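Residue numbers (the numbering used here), protein chains in the order written: chain A, 1 to 177; chain B, 1 to 459.
Since the hints were derived computationally from the structure, they do not count as laboratory data. Keep in mind it's a predicted model, so treat the numbers as computed, not measured. Please note that a few of the clues may not be correct.
Pairs of lysine to aspartate or glutamate residues, derived as DMTMM-like cross-links and limited to a Cα-Cα distance of at most 20 Å, are as follows [said to hold, decoys possible]:
| no. | chain 1 | residue 1 | chain 2 | residue 2 |
| --- | --- | --- | --- | --- |
| 1 | B | LYS200 | A | GLU46 |
| 2 | B | LYS29 | A | GLU46 |
| 3 | B | LYS29 | A | ASP142 |
| 4 | B | LYS454 | A | ASP20 |
| 5 | B | LYS454 | A | GLU176 |
| 6 | B | LYS454 | A | ASP142 |
| 7 | B | LYS29 | A | GLU42 |
| 8 | B | LYS198 | A | GLU137 |
| 9 | B | LYS454 | A | GLU17 |
| 10 | A | LYS54 | B | ASP293 |
| 11 | A | LYS54 | A | GLU42 |
| 12 | A | LYS157 | A | GLU176 |
| 13 | B | LYS198 | A | GLU176 |
| 14 | B | LYS454 | A | GLU43 |
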Amino acid sequence: MERTLYGMIAEFNSPQELIDASKAAHDEGYTHLDAYSPYPIEEVCEAIGLHGNKLPLIVLLGGIAGGLFGYGLQYWTTVIDYPLNLGGKPFHTWPMFVPVTFECIILFGALSAVVGMIALNGLPMPYHPVFNAPNFERASSDGFFLCIEATDPKFDKEKTRGFLARLQPQQVSEVED
Amino acid sequence: MEDTTSKTTLPEDVPILAPGHSFGSVTAKISDVVLGGTQPRAWWIGFAVAFTLLQLLLVSIAYLFVEGVGIWGINVPVGWAFAIINLVWWIGIGHAGTLISAILLLFRQEWRTSINRFAEAMTLFALACAGLFPIIHAGRPWVAYWLLPYPNSMLMWPNFRSPLVWDVFAISTYTLVSLLFWYVGLLPDLATLRDRAKSKLQAQIYGLFAMGWRGSARHWHRYETAYLLLAGLSTPLVLSVHTVVSFDFAIGIVPGWHATVFPPYFVAGAIYAGFAMVLTIAIPLRRVYGMEDFITMRHIDLMAQVMLWTGLFVAYGYAVEVFMAWYSGSIFELQLLNTRFVGPYSPFYWSLIFFNVLVTQTLWLRRVRANTVLLFLVAMSVNIGMWLERFVIIVMSLHRDFLPSSWGSYVPTFWDYSTFIGSLGLFATLLFLFIRFVPMISIFEMRTLVPEAKLEESE
C-alpha cells in the first residue's frame, strides 16, 4: 500500500522557537504551512500570514437576522395574526417588543459565532494526518510544532527537511497521510 | 486554614500564578484530577450528601405532580413564594460566572483565568435549578412548552407585552449562550484530556467532544475571534437577564415592586450573590485539591473586593427603596414600609439588613479578606441574605394587598423547604460531577500565565 506524504513537521520546545521558525518559513516563501501550539500565540498567526477572518461579519449578519426574526415574530403575532385589544392600547406596542428583540439578537449572534468558528475550522474532524506525527500529543500540552505541507509549491522532501533542521528543532519527521 | 503567605505579603503582591510552574506542570496538575481516577475523601462525602438531597428534590417533585401546588404554602394573595424566590436567587447566583468569563475578559483582568471555568459551570448549574422552579410552579409542567411561540392548534400566541414572556426569552437565551461559551472554552482542554487519556474509552469520549481539535494556528486564530465576540455578546446579555427578571416585579403596580431602581439594584445583587457563591465553592475547592498555586490569595482578595463593592450597591438599593416609599407620599408604599419595619415578617427584613449590609462591611478589613475561614462565613452570610432579600420583596409585598380585606399571610410548608433544599442537592450533585469529569480550571488559559509564555517585548 502506498502512502502519500502530507508534509514535514518540526517539533519545538518553546513558543519563542516556534515564532522564529514560523517567521523563517514564511520568509523562505512557504505558504502551505501550519503551526500547532497548546495555547493561542498571536505572533505565530502573524508570522504565517494570517490576518482578519470572516467571523465578525458572520456574527454581524447573524445578529441582524436575529433582530429581524425577534421583532418580526412579535409584530406578526400581536398585530397581524392575533391582535388582542388590551385596555385600548395600540397593537403595535414597539417599546414592549425591545427585550425579546434584544435577546434574539444575542442568541442568533452567539450561535453564529460558535457554529461559524466550528464550520470555518472544518470541525468536527476526528482524523487528521498531523495526528500521525511522533510526539504530537504534546501539541495539547507543552509541545510546539511547525508543519510544511506537501501541497506547497516550494515543497521538496529533502530541501524542506534540511530547511527545518536548520531551525534547530527537537526533531524533524515526515507526516504520512 | 489561614494562608501562610498572607501573613508576610500583601494580597496585591501575590502573583496570580505561583512561581515554578511550566506548561507541563500546569497541564498535569489540572488534568490529573480528572484522569487520575481516585478522588479525595471530601469528594465522596460531598457527593453522597448532595446526591441524597437530590433524591429529596425528586420525591418533592413527584409528590407535587401527584397533588399539585396546594402542597406548598402559597395562597391568595401570596401566590408567589418559595418557587419564585428560589428562581430569582438561583438566577442571581448564575450571574457571577458570565461576569467573570465575559466582562473581566474584555477588561483584560488576567486573574479571571483560574476561576472562570468553574464559575461558568456554576452558572449553568444555577440556571438548571432556576429554570426548574417556574416550570413546576406553573401547575401543569407537562405543558410548559406553551411558553414558547409555536404555531399550535389553539391558534394562540404568547403575550409579548408581558414581562413573564420576556423572562422566558431572557433565561433560555442566557442558558444557551452560557452553555456555548462554556463549551467553546472547554474545546482545547478536551483535546488535552483526549491526548493524555489513560484508557481507550476515556480517549474516545473526550475525543468525541473535542471534535478533533489539534491546536492549529489557523484554528486558534478563529477561535480567539469567536471567544472575544462571545464575550462581547454575553456582556450586555448578563446585564439584561436580571433586568428582565426585575421587570417581572417593576412593571407590576404592587407596592414595593413598582420601582425604577429595580433593574440596576437587581443586577448588582446578582453579581453580589454570584461572587458569594464563587467564594463558597472556591475556598474549599482550592484546599481539597491543593490548587492554592492557581487560585491564590490574590484571587480570593479580589473576589472579596468585588463582593464588597456590589454589596454597597445593594445597600444603596435598600436605602433608595425606603426613601422612595417615603418621598412618594403613597399610603400603600408607606404601609408597606411600616410592615417591613415592624410587621409580622419584620424579623426577615432586619436579618436581611444584618446578613447583607452589616456583615459585608467586615470586608473593608484586610485581615478578614486574607482569612479564608472568615471569608467563607461572610460569603455564606451573603448567600442567606440574598435569599432573604427575595423573600422580603416577594412575600412581604404580596401579603399586604391594597385593600385590608385582601390581606393574608404565608407560612411555608415542609414541601416548600424540601424543594428548595433539594435544589441545593441538584446544584451540588452537578458541581461534584463537573469536578470529577471536566478540568475545573481552564488549562490552556493557565498556560498563557506560565513564565515561558511571556515573550520578549521587542517584537
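Right, here's what the structure says about each hint:
1. For the hint pairing LYS200(B) with GLU46(A), the CA-to-CA distance comes to about 37 Å; that exceeds 20 Å, so the pair is violated.
2. At most 20 Å may separate the alpha-carbon atoms for a hinted pair to count; LYS29(B) and GLU46(A) exceed this at roughly 31 Å.
3. For the proposed pair LYS29(B) and ASP142(A), the alpha carbon gap of about 13 Å is at most 20 Å, so the pair holds.
4. Between LYS454(B) and ASP20(A) the alpha-carbon distance is near 15 Å, which keeps this suggested pair within the 20 Å criterion.
5. A hinted pair counts as satisfied when its Cα atoms are at most 20 Å apart, and LYS454(B) with GLU176(A) does not qualify at roughly 34 Å.
6. Proposed proximity of LYS454(B) and ASP142(A) is supported: the alpha carbons are some 15 Å apart, at most 20 Å.
7. At roughly 26 Å between alpha-carbon atoms, LYS29(B) and GLU42(A) are farther apart than 20 Å, so this suggested pair is violated.
8. For the hint linking LYS198(B) to GLU137(A), the alpha-carbon distance of about 13 Å falls within 20 Å, and the restraint holds.
9. Between the alpha carbons of LYS454(B) and GLU17(A) the distance comes to roughly 13 Å, so the proposed pair stays at or under 20 Å and holds.
10. Of the supplied pair hints, the one linking LYS54(A) and ASP293(B) is violated, its CA atoms being roughly 39 Å apart against a limit of 20 Å.
11. A distance of roughly 17 Å separates the Cα atoms of LYS54(A) and GLU42(A); the hinted pair therefore holds under the 20 Å criterion.
12. Between LYS157(A) and GLU176(A), the direct Cα distance comes to roughly 12 Å. Compliance with the 20 Å bound is thereby established for this hinted pair.
13. Distance hint between LYS198(B) and GLU176(A) is unfulfilled; the C-alpha atoms sit about 25 Å from each other, more than 20 Å.
14. Note on LYS454(B) and GLU43(A): the hinted pairing holds, with a Cα-Cα distance of about 12 Å set against a maximum of 20 Å.
Consistency note: the structure conflicts with the earlier hints numbered 1, 2, 5, 7, 10 and 13.
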